[in-house]
Amino acid sequence: TGGHTTEILRLLSCLSESYSPRHYIFADSDKMSEAKIRSFEQKRAETFSNSQFTLDRIPRSREVRQSWTSSVVTTLYSLLYSLPLTYRLKPDLILCNGPGTCVPVCISALLLGLLGIKRALIVYVESICRVETLSLSGKILYYFSDYFIVQWPDLKEKYPKSVYLGRIV
Amino acid sequence: FRFKDSLAGGLRRADLVISHAGGGPSFCLETLEEGKPLIVVTNEKLMNNHQLELAKQLHRDGHVLYCNCRYGAATLQSMDLGGLKPYPPGQPEKWGGFLDKVVGFQ
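Keeping their order, the protein sequence lines are chains E and P.
Taking the working numbering, the leading residue of the first sequence gets 1, the next gets one more, and so forth.
Taking the working numbering, the leading residue of the second sequence gets 1, the next gets one more, and so forth.
Since the hints were derived computationally from the structure, they do not count as laboratory data.
Predicted, not measured: the structure shown is a model, and the values here were computed from it.
You can trust all of the hints, since none of them are fake.
Pulled a few chain E residues facing chain P out of the computed Cβ check, cut under 10 angstroms:
no., residue
1, Ile149
2, Gln151
3, Gly166
4, Arg167
So these bits of chain P aren't anywhere near chain E, every CB distance computed over 12 angstroms:
no., residue
5, Gly10
6, Arg13
7, Asp15
8, Val17
9, Ile18
10, Gly35
11, Pro37
12, Ile39
13, Asn43
14, Gly62
15, Ser78
16, Met79
17, Asp80
18, Gly82
19, Leu84
20, Pro86
Which chain P residues face chain E? A few, computed with CB under 10 angstroms, are given here:
no., residue
21, Phe27
22, Lys56
23, Pro89
24, Lys94
25, Trp95
26, Asp100
27, Val102
Beta carbons are placed, not taken as given, at the ideal position from N, Cα and C, and that holds for glycine.
Work out the full structure, taking the sequences as your base and the hints as a guide.
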């Protein structure tokens, strides 16, 4: 979703062209991210000639303030889409920053890893807006990601396994 | 306006920005990066605690003025924008270096 997309594009802007091709996965209900991503990639293609990217949508796993039980159901539904998608893409690295959409994708990647099909590195960067508390995706992925990055020192104290690099966006 | 793709143009021309705290925290940061003075207005009835976190932290660090919507007018009258500290830019290079190491590109 909007704010998350802006942040993740900032994170990508610091990465070299070795991080290619880029596969963007976002929620089907998201109207603004596609335009932002295309604009970012268009600009990038001006510098890097062989820039490659794809866009895929999956059902949104959770609306803001959706109840716990219904969230589990909607997340499972998103998983039906994210699992074949992740299997097809077989990513080496998953970079995510908090929208509900990242949970089914990461779960899919973990399953593929457990089944010996493809082991992806999961790197989660919590939003800069999270100063004192983690998002729900963050709370879940803190335990399942390979690297969990926070941008404020309070969170580093509360979640000692996290990585604190200062403010990066 | 409803939804503009980017508020960047309007932002560059502005002398002062008054923003709602929730929903667009990236916009707070864009505003600060442009070096514009920012007043953040919160409406605790509508917002979750977490949406206030960034506004509160930025206020603690002296980068924004911060008020509840009920006191907006009073804040505008008494505000001291000169006391606001410039917002240092983030350091994305550390991130690039970190990820390269983790992935094995170094």
